[in-house]
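From first to last, the protein sequence lines are chains C and D. Residue numbering for the first sequence follows the working numbering, starting at 1 and increasing by one per position. Residue numbering for the second sequence follows the working numbering, starting at 1 and increasing by one per position.
Hints in this document: simulated from the structure, not taken from any laboratory. Careful: at least some of the hints might be erroneous.
[Stated by the list, open to error] Below, simulated DSS-like cross-link-like pairs (lysine-lysine); rule was C-alpha separation at most 25 Å, straight line: (1) K122(D) to K8(D); (2) K45(D) to K115(C); (3) K115(C) to K44(D); (4) K231(D) to K122(D); (5) K183(C) to K150(C); (6) K221(C) to K122(D); (7) K104(C) to K115(C); (8) K183(C) to K115(C); (9) K8(D) to K231(D).
[Stated by the list, open to error] Chain D is faced by these chain C residues, among others (derived, beta-carbon under 8 Å): (10) R121; (11) T191; (12) F206; (13) T213.
Quick caveat: nothing in here was measured; it's all calculated off a predicted structure. Don't be surprised by glycine CBs; every beta carbon is placed ideally from N, CA and C.
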Amino acid sequence: MAKTSILLKIFVMLALVAAGTVLLLPPAASAQEEVASAIRRYKDREASTGYYEEYEVRPRRIKPLVGVPGVEEGIFNYSPTAAKVRNRSHLADSHMGIAFYKEKTCQTCHPEQAKDIHTVRANLTCRQCHGGEPIASNQYFKSPMNPIRKHAYVCAKCHEGSSASFASYIVHEPAPGSAAARKGFPILYFTYWFMTVLLVGTLAFFIPHSFLTGLRELFNKKRTTNDDAADAH
Amino acid sequence: MTLPTRIKRFSVLDRLSHIFLMLTFLLQTATGFSRLYITTVWGKKVNTFFGGYDTSLVIHEWTGMVMMAGFALHTIYLLTRIDWRTPVKSIFGPDSLVPNLTDAKQFGQRIRWFFGLGPLPKFNRWAYWEKFDYWAVYWGLPLLAVTGFMLMFPLSTSRFLPGWSLNIAALLHRAEAILAVTYIFIVHFFIGHLRPSSFPMNEAMFSGSIPMHEALEEKSAWVQRLQEEGKLESASSAAPSLWYRRLYFMFGYAALIFGVYMLINGIIYSRQISLH
Numbered sequence: 001m002a003k004t005s006i007l008l009k010i011f012v013m014l015a016l017v018a019a020g021t022v023l024l025l026p027p028a029a030s031a032q033e034e035v036a037s038a039i040r041r042y043k044d045r046e047a048s049t050g051y052y053e054e055y056e057v058r059p060r061r062i063k064p065l066v067g068v069p070g071v072e073e074g075i076f077n078y079s080p081t082a083a084k085v086r087n088r089s090h091l092a093d094s095h096m097g098i099a100f101y102k103e104k105t106c107q108t109c110h111p112e113q114a115k116d117i118h119t120v121r122a123n124l125t126c127r128q129c130h131g132g133e134p135i136a137s138n139q140y141f142k143s144p145m146n147p148i149r150k151h152a153y154v155c156a157k158c159h160e161g162s163s164a165s166f167a168s169y170i171v172h173e174p175a176p177g178s179a180a181a182r183k184g185f186p187i188l189y190f191t192y193w194f195m196t197v198l199l200v201g202t203l204a205f206f207i208p209h210s211f212l213t214g215l216r217e218l219f220n221k222k223r224t225t226n227d228d229a230a231d232a233h
Numbered sequence: 001m002t003l004p005t006r007i008k009r010f011s012v013l014d015r016l017s018h019i020f021l022m023l024t025f026l027l028q029t030a031t032g033f034s035r036l037y038i039t040t041v042w043g044k045k046v047n048t049f050f051g052g053y054d055t056s057l058v059i060h061e062w063t064g065m066v067m068m069a070g071f072a073l074h075t076i077y078l079l080t081r082i083d084w085r086t087p088v089k090s091i092f093g094p095d096s097l098v099p100n101l102t103d104a105k106q107f108g109q110r111i112r113w114f115f116g117l118g119p120l121p122k123f124n125r126w127a128y129w130e131k132f133d134y135w136a137v138y139w140g141l142p143l144l145a146v147t148g149f150m151l152m153f154p155l156s157t158s159r160f161l162p163g164w165s166l167n168i169a170a171l172l173h174r175a176e177a178i179l180a181v182t183y184i185f186i187v188h189f190f191i192g193h194l195r196p197s198s199f200p201m202n203e204a205m206f207s208g209s210i211p212m213h214e215a216l217e218e219k220s221a222w223v224q225r226l227q228e229e230g231k232l233e234s235a236s237s238a239a240p241s242l243w244y245r246r247l248y249f250m251f252g253y254a255a256l257i258f259g260v261y262m263l264i265n266g267i268i269y270s271r272q273i274s275l276h
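Just chain D, with the same shape it has in the complex (with noise of 0.2 Å):
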């Protein structure tokens, strides 16, 4: 049997959630970091770009009130996604992210093969570090979005919660922030584009779909269990396009850019800003 050239990976829905949320995370870098560096030459410019101090707390709020839309729908998504009559092999099987024991294990494999000690080990779908990637953003966004409606309404707030509470929200929503943003820009920018087996920029969540040979390397489970339950035919896809090629490294060169821009500039401004 003759392998395919290329096999699916994402589905549309899933590339549209990827869009949807690196739009909605930019801009709330942008207006969030112009915000909290207003103090400092490099946020007042960025800040007077989204219409000053006030106007861009109002884009700020309305866009995380889409991003909170947007991982509502998601959870929908996600329960569909489930096998209902086997829900327990459904969750902690193969083609779910959530983690289980063999990550473990593969994460074991892995250091030894950093260090040349033993073979790359046999992913399935979903490797370790991308199923961290996945539920990094799944609980960050819930925080960032609990902590930030308690900013928004403060005096609602403070008839459940002490006011105190709005202290710890505002530690909270800027710590988590922090976070998110230097582990997508470094991290995330690093595997997605710059390791070699991904540069100039790991085209799977635009295209949809990876060259066998690449599957074949780094998540040769996953074709090999395609294989025995015989969807490795209906997982063949065609190569994108030469002008959304086009597209989709203009718009991710875009978003890196400026990923890059706002936290260098966020490193060399930080020693200006005092956060309490």
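Same shape as in the complex, but just chain C (with noise of 0.2 Å):
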């Protein structure tokens, strides 16, 4: 009996303090779910904007969630001509050092890069995405224009509710037949030419068949009203 009642009491004791141990601790933090691995991170909120930035230091060292063609990877991808590149696109101003380069538009250096849709469609300036100066590398682990985050920096100004994935589009497009293409963006190189293929040979095709056929049924036109005009006499 005595026995019972001594368990009894250390078992309700230790109930107390548990469940005090549960009321004065702070709740668990479910907003650290979301980064909880590597695959995870972003994916249920990345259509906001700006919710990151609280806890983000740094950006860890994984793998994007979408590939993007002409971003390389790997220990010895790069050239030094390439690293000196690759550099550049680390800093947090990526036109560091460049000669005279307040004299400078930025079609002077970039003219291939004023030639996509937002910028002949939607008439949108440099700056608009880019923003002043100095203007951060996109690989500068705090620019806006880095992958991590461009969908909620840069795209989701106009594009509301912009993903990671949607931040993939290719805004400065390589002419899709060019060797550029071919390099750094396969699929477009090969939709195109399969495309021109289709429609150079279906053409190349067609209209001498219809001109042939055209010719040969004038031919045969003339022949036969010349046979009825004979028959007629």
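Using the hints, put the two chains back together into the complex; each one sits in its own frame.
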């Protein structure tokens, strides 16, 4: 009997301590869940704008969810020249040290970048997406253009609800038939040439085909008409 | 047995489908080209007619959806045309538009005929270029629809596909549209209007019937088959009335002039637009 009551007292005390602990401790931080794994990161809330700023310190070395054509990965993917460019793509001021920078316009050095639909059709200026000086490199970890937050900081200005996947749309698309496209965006390159061959092939077949049909019928008609004329006499 | 003077070639539904396709296709060409050529003087002019860059897109999108509804209905209609008791015979038979070995053979004969090296092949109901015409539209429409829907709903698309697929979709939509427009306004119009046996206009798609001498000349195997099956009498058709002929001549020529106008201006201004 006594033994049972002691056990009961211990049980009640433990239960009270447990309840007190639960009540006194701060609630579990559910917000941490979304960065619990590299794969799940941002997935649920990537549609928001600027949401991750509070706890984001540095982007983790993770593979992006969606591959971007032209961005290579690996240890020895870069030649010395490419490495120099790549270095520049990680700077806080991407145009650091360029001679007479202030005298130049964006298009002086980037003429091809002003031919895309955003510039030509929507009349956007470079600054509306790339921001004011100093323009950080795309890969600089605090840059708004960094692919980890571009969708929220840049694309979502106009495309409300833009996601990281959406932001992998290539704004400065290379000319689809060019060697640059073959290297940087092969699917675009091969799609272009497939459709071009289809177009040229179809027309190269059917235009002569129609023309020869017409020509032959013209001769046949002429002969029939002449025969009719001969019959009448 | 005397042959009927005219035989039926297209049903009322076939003809209505063709008119539906004409109207929607021309509207899509005009609104689509007006946006493709928006950076040129001509493009701006056409675009203003459709209410500007955004409004023309709304028209383009809704017309596209109407086209897709038409495409779905047509596909259902196709399925009802198959004789399901003998599906293989029905799908690969002479009344079907599915290409077969005879088409390859007749193509060779046709090439020889071009150069006077052989007689005209005895075509059945559909010649191979007519089959090509049909399937070109049938695969072009869904391609334009899928890429069009992707571009209409880019955010939803990027949930299922990477965002760079929109670059591909835009390229495919443009390229397929240019292919369709050039093919229809050059090849189809030449076959339908300009070649001597059609000049000034091949009326079969509007009147629904063709004169017997024309059928015997070009589709002799078809006439023979109808005769053997005893269907020739029932395929007999009356000539279209004069008012109806006047109507479809005006309609056909309006479409022709409009198409040629789009094509010529498209070619003239093509050097002023960049596609990227």
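Structure-based check of each hint:
Our distance criterion of 25 Å between C-alpha atoms is met by K122(D) and K8(D), whose separation comes to about 19 Å. Distance check on the hinted pair: K45(D) and K115(C) sit about 22 Å apart at the alpha-carbon level, within 25 Å; holds. Proposed proximity of K115(C) and K44(D) is supported: the alpha carbons are some 19 Å apart, at most 25 Å. The hinted pair formed by K231(D) and K122(D) meets the criterion: a straight-line CA distance of about 19 Å does not exceed 25 Å.
For the hint linking K183(C) to K150(C), the alpha-carbon distance of about 24 Å falls within 25 Å, and the restraint holds. Between the alpha carbons of K221(C) and K122(D) the distance comes to roughly 18 Å, so the proposed pair stays at or under 25 Å and holds. Taking the CA atoms of K104(C) and K115(C), the gap is about 18 Å. The hint holds against a cut of 25 Å. Between K183(C) and K115(C) the alpha-carbon distance is near 19 Å, which keeps this suggested pair within the 25 Å criterion.
Proximity of K8(D) to K231(D) is assessed by CA-CA distance (about 11 Å); at most 25 Å being required, the pair is judged to hold. Checking R121(C) against chain D: minimum C-beta separation of about 7 Å stays under 8 Å; hint holds. The beta carbon of T191(C) comes within 6 Å of a beta carbon in chain D, closer than 8 Å, and the hint placing it at the interface holds. Because the beta carbon of F206(C) sits about 4 Å from the nearest beta carbon in chain D, less than 8 Å, this interface hint is met.
Taking 8 Å as the C-beta contact cut-off toward chain D, the hint placing T213(C) at the interface holds, the least distance being around 6 Å.
Going through the hint list in order, the structure satisfies each hint without exception.
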